[in-house]
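Enquirer: Kindly generate the complete structure, drawing on both the sequences and the hints.
Listed below are the residues making up each chain.
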Amino acid sequence: MRLYVMLIYVFLYAPIGFIVGGSFNSGKQAMVWQGFSLDWYGKAFSNPLIMEALTTSLYIALVNAVLSAIIGTLTALGLQRVGGWTRAGFDALIYIAIMVPGIVIGISTLIAFVTVFDAVNPLLSVRLEMGAWAVIAAHVLFNTAVVALLVRARLQGMDRSLVEASEDLYATPFGTFRQVVLPLLAPSILAGFLLAFTFSFEDFIIAYFVAGPDVTLPIYIFSSIRRGVTPEINAVGSVVVLSSFILLIAAQLILRRSGRPAG
Amino acid sequence: MTKQPDFIPTSKFLDELRRYQKGSVSRRHFLGVTGLGMAAAVLGGAVPGLRPRKAYAGLSGTLNFTTWPSYFAQENLDNFTKNTGVKINVAVFGSNEEMLAKLQAGSTGWDVFVPTNYAISTYKDLNLIQPIDLARLPNYDPATQEQRFTAEGIIDGQVWAVPKDWGTTGYTYNSKAMSQKPTTWKEFWDLTRNEATGRVMVHDYQLTTIGNALKYFGYSFNSNDPKELGEAEKLLIEAKPHLFGINSDYKPSLIAGDAWMSVCWTGDAVQLQRDMPEFVYVLAKEGGEIWSDFYAITKDAPNPDAAYAFIDYILTPQINAVEVQAHGYPSPDSRTNKLVPKEMLDNPVLYPAAEALSPLEFGAAATLTNPLRAEIMARFKAA
Amino acid sequence: MTRSAGRPQILTAALLAPAVLLFAVMLLAPLLVIVVFAFGERAPAGGYAAAFTFDNFLNLPARGKAFINTLTLAPIGTLLTAVIAFPVAYFLALRCDPKWRVTLLVLVMAPFWTSQLLRYYAWIMLLGAKGVPAWLSYLGFPDIRIINTPWAVLIGAVYGYLPLMVPPIYVSLEKLDKRLLEASSDLGATPLRSFLQVTLPLALPGVATGAMLVFILLMGDYILPQYLGGGKVFFIGNALVDLFLQSRNWPYGAAVSLALVAIMFVTILVYMRFVLGGSGQRRVALV
Chain C
1 MRLYVMLIYV FLYAPIGFIV GGSFNSGKQA MVWQGFSLDW YGKAFSNPLI MEALTTSLYI
61 ALVNAVLSAI IGTLTALGLQ RVGGWTRAGF DALIYIAIMV PGIVIGISTL IAFVTVFDAV
121 NPLLSVRLEM GAWAVIAAHV LFNTAVVALL VRARLQGMDR SLVEASEDLY ATPFGTFRQV
181 VLPLLAPSIL AGFLLAFTFS FEDFIIAYFV AGPDVTLPIY IFSSIRRGVT PEINAVGSVV
241 VLSSFILLIA AQLILRRSGR PAG
Chain L
1 MTKQPDFIPT SKFLDELRRY QKGSVSRRHF LGVTGLGMAA AVLGGAVPGL RPRKAYAGLS
61 GTLNFTTWPS YFAQENLDNF TKNTGVKINV AVFGSNEEML AKLQAGSTGW DVFVPTNYAI
121 STYKDLNLIQ PIDLARLPNY DPATQEQRFT AEGIIDGQVW AVPKDWGTTG YTYNSKAMSQ
181 KPTTWKEFWD LTRNEATGRV MVHDYQLTTI GNALKYFGYS FNSNDPKELG EAEKLLIEAK
241 PHLFGINSDY KPSLIAGDAW MSVCWTGDAV QLQRDMPEFV YVLAKEGGEI WSDFYAITKD
301 APNPDAAYAF IDYILTPQIN AVEVQAHGYP SPDSRTNKLV PKEMLDNPVL YPAAEALSPL
361 EFGAAATLTN PLRAEIMARF KAA
Chain H
1 MTRSAGRPQI LTAALLAPAV LLFAVMLLAP LLVIVVFAFG ERAPAGGYAA AFTFDNFLNL
61 PARGKAFINT LTLAPIGTLL TAVIAFPVAY FLALRCDPKW RVTLLVLVMA PFWTSQLLRY
121 YAWIMLLGAK GVPAWLSYLG FPDIRIINTP WAVLIGAVYG YLPLMVPPIY VSLEKLDKRL
181 LEASSDLGAT PLRSFLQVTL PLALPGVATG AMLVFILLMG DYILPQYLGG GKVFFIGNAL
241 VDLFLQSRNW PYGAAVSLAL VAIMFVTILV YMRFVLGGSG QRRVALV
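Protein chains in written order, with the working numbering: chain C, 1 to 263; chain L, 1 to 383; chain H, 1 to 287.
One or more hints might be untrue.
[What the hints assert, rightly or not] Keeping only pairs whose Cα atoms sit at most 30 Å apart, straight-line, the calculated DSS-like set for lysine-lysine is:
1. K28/C to K87/L
2. K124/L to K28/C
3. K43/C to K65/H
4. K130/H to K28/C
5. K130/H to K240/L
6. K234/L to K43/C
7. K87/L to K240/L
8. K82/L to K299/L
9. K130/H to K176/L
10. K181/L to K130/H
11. K227/L to K130/H
12. K43/C to K299/L
13. K186/L to K65/H
14. K43/C to K28/C
15. K130/H to K234/L
16. K87/L to K124/L
17. K176/L to K28/C
[To be verified] Quick look at which bits of chain C chain L covers, simulated, 3 or more residues with Cβ under 8 Å:
18. 110 to 120
19. 216 to 230
[Said to hold, decoys possible] Selected chain H positions facing chain C (in silico; Cβ < 7 Å):
20. T12
21. L80
22. V83
23. P87
24. T114
25. R119
26. Y222
27. L240
These are calculated hints, taken from the structure and not from any lab test. Everything numeric in this text was worked out from a predicted model, so none of it was measured. A virtual CB, placed ideally from N, CA and C, is assigned to each residue, including glycine.
Expert: Below, the structure written as structure tokens:
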């Protein structure tokens with residue numbers, strides 16, 4: 001069993017080793033070894049287009065994660081307070097938002113917005129266009145649904161007696177929320193935040209359709225692969241791997257400290 | 001930098017360019033020995049034909065340049081950025097249809113892109129490109145261009161696009177891997193279903209893939225006849241299980257040895273032969289496609305000043321000659337050709353003999369936009 | 001939860017308002033446009049022209065192969081991923097030194113945080129003629145071709161989605177009370193029997209959650225079949241990208257999108273009903 005698990009790790013890391021190894025290649029083609037060099041790291045970080053794509057992606061992922069965490073939590077809380085058809089309707093929407101493949105979300109968002117923009121642009125003084133905002137909006141849709149599910153699962157598992165105790169002690173409803181409910185929900189909100197960030201940072205297909213002139217890192221990489229990958233891209237990829245290790249370990253430590261893994 | 005002549009002998013230039021592209025010499029070395037660094041540093045001064053540097057003043061921001069794979073000299077783009085401060089964002093597409101689809105959907109943010117001859121009238125009709133003001137391109141000279149490669153950029157006397165380069169669509173095969181020496185499209189498709197099964201690639205592009213399947217039966221590359229297209233579809237679907245892949249970026253697979261034969265554009269053949277002379281380029285006896293690519297400016301270009309400056313820069317003969325040597329497609333500009341090494345001018349891949357050219361056809365606008373062709377290609381890929 | 005007595009309705013409305021706005025603008029409106037477009041016609045140069053026709057739906061069989069490919073490879077890929085992920089999650093949750101548990105779990109998930117495009121690109125090299133097939137031919141298996149076949153796509157599916165499959169299984173196994181296993185062996189059950197009767201049933205919700213997530217992502221995948229299938233292994237995602245970004249047949253593309261959504265809907269409803277067993281178990285444990 002230990003051997004099997006080790007093999008799986010090799011399987012998972014072989015291509016990543018390939019990417020990281022390529023980033024130290026002094027030659028121009030990522031996949032033809034010509035000697036060791038660190039130049040590509042410097043080049044990647046002084047290439048304004050890579051940096052712009054990276055910043056755009058980080059910005060989109062961060063705004064999306066914050067919005068999704070907030071809206072998703074609000075939705076989960078709100079759904080505790082409704083029943084019947086309202087609740088069934090919301091449930092259906094949440095599941096549809098998760099179920100509809102990203103490619104369909106990207107396509108339908110693109111044609112819906114482009115059609116509306118074509119109709120209204122002549123009447124406006126500013127030109128409405130697709131862009132990073134549309135990527136954020138489309139990502140928030142999926143991620144809000146994910147966060148709502150995570151937070152709701154946590155709410156359902158929550159010990160009601162804590163809330164009642166707080167109310168018995170004459171805490172205001174907001175006070176109860178802030179001091180009792182929110183800390184209990186925190187791990188699932190954080191988990192949702194991280195998932196939202198990841199899905200957004202990694203997404204290619206939705207952004208490919210709706211990003212308009214804005215370039216995210218995956219779009220930049222897609223274009224680079226078509227043009228022939230240089231080790232510059234490998235360098236960026238390697239830095240992202242390293243940062244994600246650090247972030248993930250930090251997140252796991254926080255989650256562990258706050259009790260049990262989010263579920 | 002020691003004093004260097006402005007331009008070294010062209011044969012040496014090509015060697016240096018190759019060494020630079022392989023990464024065995026530094027950019028500084030390359031720019032130094034070739035004199036390009038000097039040219040860039042004194043842009044306008046030492047090099048005749050370049051307009052004064054101040055014309056580039058006032059430019060800033062980003063230029064979104066959309067083109068095909070392996071289709072520009074990176075050092076030219078770098079020099080443009082160095083001299084103007086304009087960053088160039090290169091996006092790469094696989095077909096004219098894909099570019100058209102993206103532009104039709106809107107909000108591309110592109111400034112300059114590279115349409116092929118037959119696509120220009122469609123872009124103009126759909127109001128997606130802007131007319132070109134030749135007064136803003138002082139380094140471009142219409143009089144020195146070969147007319148058949150510029151004609152389709154001009155519609156009703158108005159210039160909508162200026163020529164980049166031209167080429168042919170044939171196929172290439174690895175002569176070390178294959179025993180046969182095919183010379184026709186008939187052999188191409190027959191070998192695909194025989195000796196070379198699993199080792200052949202076609203473009204992810206209906207115009208060339210369907211066009212060259214039509215040539216198997218001796219029909220026109222541009223045929224829009226439903227019966228002839230039906231036969232081509234049948235051939236394509238029969239060949240599909242024998243293909244290695246359907247991809248317009250076929251060079252990596254050919255180099256890696258996964259594929260032995262592929263439908264191929266001129267410049268890709270030139271680029272392949274640089275490192276692997278075993279790749280033979282075939283202009284099939286039945287004919288096929290001859291084409292020219294253009295630079296055009298989109299209707300909604302966010303940075304039109306940079307777009308003009310870029311086109312003007314890149315069509316300057318000295319700069320264009322570097323382009324031609326990098327991508328391997330001939331220029332229609334006689335001024336540029338004077339600066340291209342003789343080996344290249346003598347290369348039959350780039351400049352085929354007249355009798356090889358005569359059966360070739362230019363693609364037509366209707367061939368690009370025909371819905372039946374689009375659907376056949378999609379069915380072929382989905383088969 | 002019904003503690004609405006005395007709670008202002010307005011707060012409920014305020015809590016749900018952002019979601020209502022989001023779902024209306026980003027989900028319902030675009031889906032409505034897709035429905036309208038699906039009954040339209042392709043404009044002469046591509047795009048959409050208003051019309052009312054069922055032709056787009058009648059023409060769906062022209063993409064039959066893409067639907068079949070997706071509907072065979074996505075479930076197989078999901079199943080393979082689950083089967084391969086299970087022992088890893090089992091090891092992490094029950095067999096490994098707790099000191100290393102977090103690190104090892106992070107190591108499983110980290111690849112997902114690395115550019116998917118670059119990782120698949122690396123696989124193109126690894127599975128191409130100079131990669132694995134070259135090593136295999138040293139071992140005496142000449143002329144094995146992997147890249148651009150359904151096998152490459154399956155390898156990519158397992159590779160790409162393992163990081164998403166392991167954590168939910170891990171979470172459900174971690175909750176497993178080890179005393180149950182001890183009790184089971186005290187009662188004389190063989191390890192295999194304990195595994196089949198205690199461990200596996202308890203892990204199923206995690207497997208089901210992970211499988212649903214992976215299935216959804218595989219059904220709409222475009223990059224995986226494009227990179228590792230080389231345009232030869234064609235998914236619905238590829239058909240859609242083609243229709244919108246090449247042949248510009250928006251109405252037909254809209255119809256194909258609707259068909260894909262409908263298929264997913266039915267599959268997932270059936271799946272939830274039979275695998276997840278009603279509403280009680282639909283807990284999503286993603287991390």
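Enquirer: All hints, please: hold or fail.
Expert: Here's how the hints hold up against the structure:
Annotation: proposed proximity of K28/C to K87/L holds, straight-line Cα distance about 21 Å (limit 30 Å). Straight-line distance between C-alpha atoms of K124/L and K28/C comes to about 39 Å, which puts the hinted pair past the 30 Å bound. Of the pairs offered as hints, the one joining K43/C and K65/H is violated, with about 45 Å between alpha carbons and a cut-off of 30 Å exceeded. Between K130/H and K28/C the CA atoms are separated by roughly 19 Å; this keeps the pair inside 30 Å, and the hint holds.
With a C-alpha separation of about 24 Å, the suggested pair K130/H and K240/L falls inside the 30 Å cut-off, and the hint holds. For the hint pairing K234/L with K43/C, the CA-to-CA distance comes to about 49 Å; that exceeds 30 Å, so the pair is violated. Note on K87/L and K240/L: the hinted pairing is violated, with a Cα-Cα distance of about 42 Å set against a maximum of 30 Å. Restraint check: the Cα-Cα separation between K82/L and K299/L comes to about 27 Å, which is no more than 30 Å; the hinted pair holds.
As the CA atoms of K130/H and K176/L are separated by approximately 16 Å, the hinted pair is consistent with the 30 Å bound. Between K181/L and K130/H, the direct Cα distance comes to roughly 25 Å. Compliance with the 30 Å bound is thereby established for this hinted pair. Taken as a hint, the K227/L and K130/H pair is broken in the structure, with Cα atoms around 42 Å apart against an allowance of 30 Å. With a CA separation close to 34 Å, the supplied pair K43/C and K299/L exceeds the 30 Å bound.
At most 30 Å may separate the alpha-carbon atoms for a hinted pair to count; K186/L and K65/H meet this at roughly 28 Å. For the given pair, K43/C sits about 12 Å from K28/C by alpha-carbon distance, which is consistent with the 30 Å threshold. Only pairs whose Cα atoms come within 30 Å are accepted, and K130/H paired with K234/L is rejected, the gap being roughly 33 Å. For the hint pairing K87/L with K124/L, the CA-to-CA distance comes to about 27 Å; that is within 30 Å, so the pair holds.
Simply put, K176/L and K28/C have alpha-carbon atoms about 26 Å apart, close enough for the 30 Å limit, and the pair holds. Beta-carbon proximity to chain L at under 8 Å applies to 5 residues in the stretch 110 to 120 of chain C; the threshold of 3 is reached and the given coverage holds. Check on the stretch 216 to 230 of chain C: 4 of its residues sit with their Cβ under 8 Å from a Cβ of chain L, so the three-residue criterion for coverage holds. Annotation: interface hint on T12/H holds; nearest CB of chain C at approximately 5 Å, less than 7 Å.
Taking 7 Å as the C-beta contact cut-off toward chain C, the hint placing L80/H at the interface is violated, the least distance being around 13 Å. Checking V83/H against chain C: minimum C-beta separation of about 12 Å lies over 7 Å; hint violated. Nearest Cβ of chain C to the Cβ of P87/H: about 6 Å, under the 7 Å cut. The hint holds. Given the 7 Å rule on beta carbons, the hint for T114/H holds: about 5 Å separates it from the nearest Cβ of chain C.
With a cut of 7 Å, the hint placing R119/H at the interface with chain C holds, because the nearest CB-to-CB distance is about 5 Å. The restraint placing Y222/H at the interface with chain C holds, with a minimum CB-CB distance near 5 Å, inside the 7 Å limit. At a threshold of 7 Å, the smallest CB-CB gap from L240/H to chain C is about 6 Å, leaving the interface hint in force.
In terms of the numbered hints stated before, the structure departs from hints 2, 3, 6, 7, 11, 12, 15, 21, 22, listed from lowest to highest.
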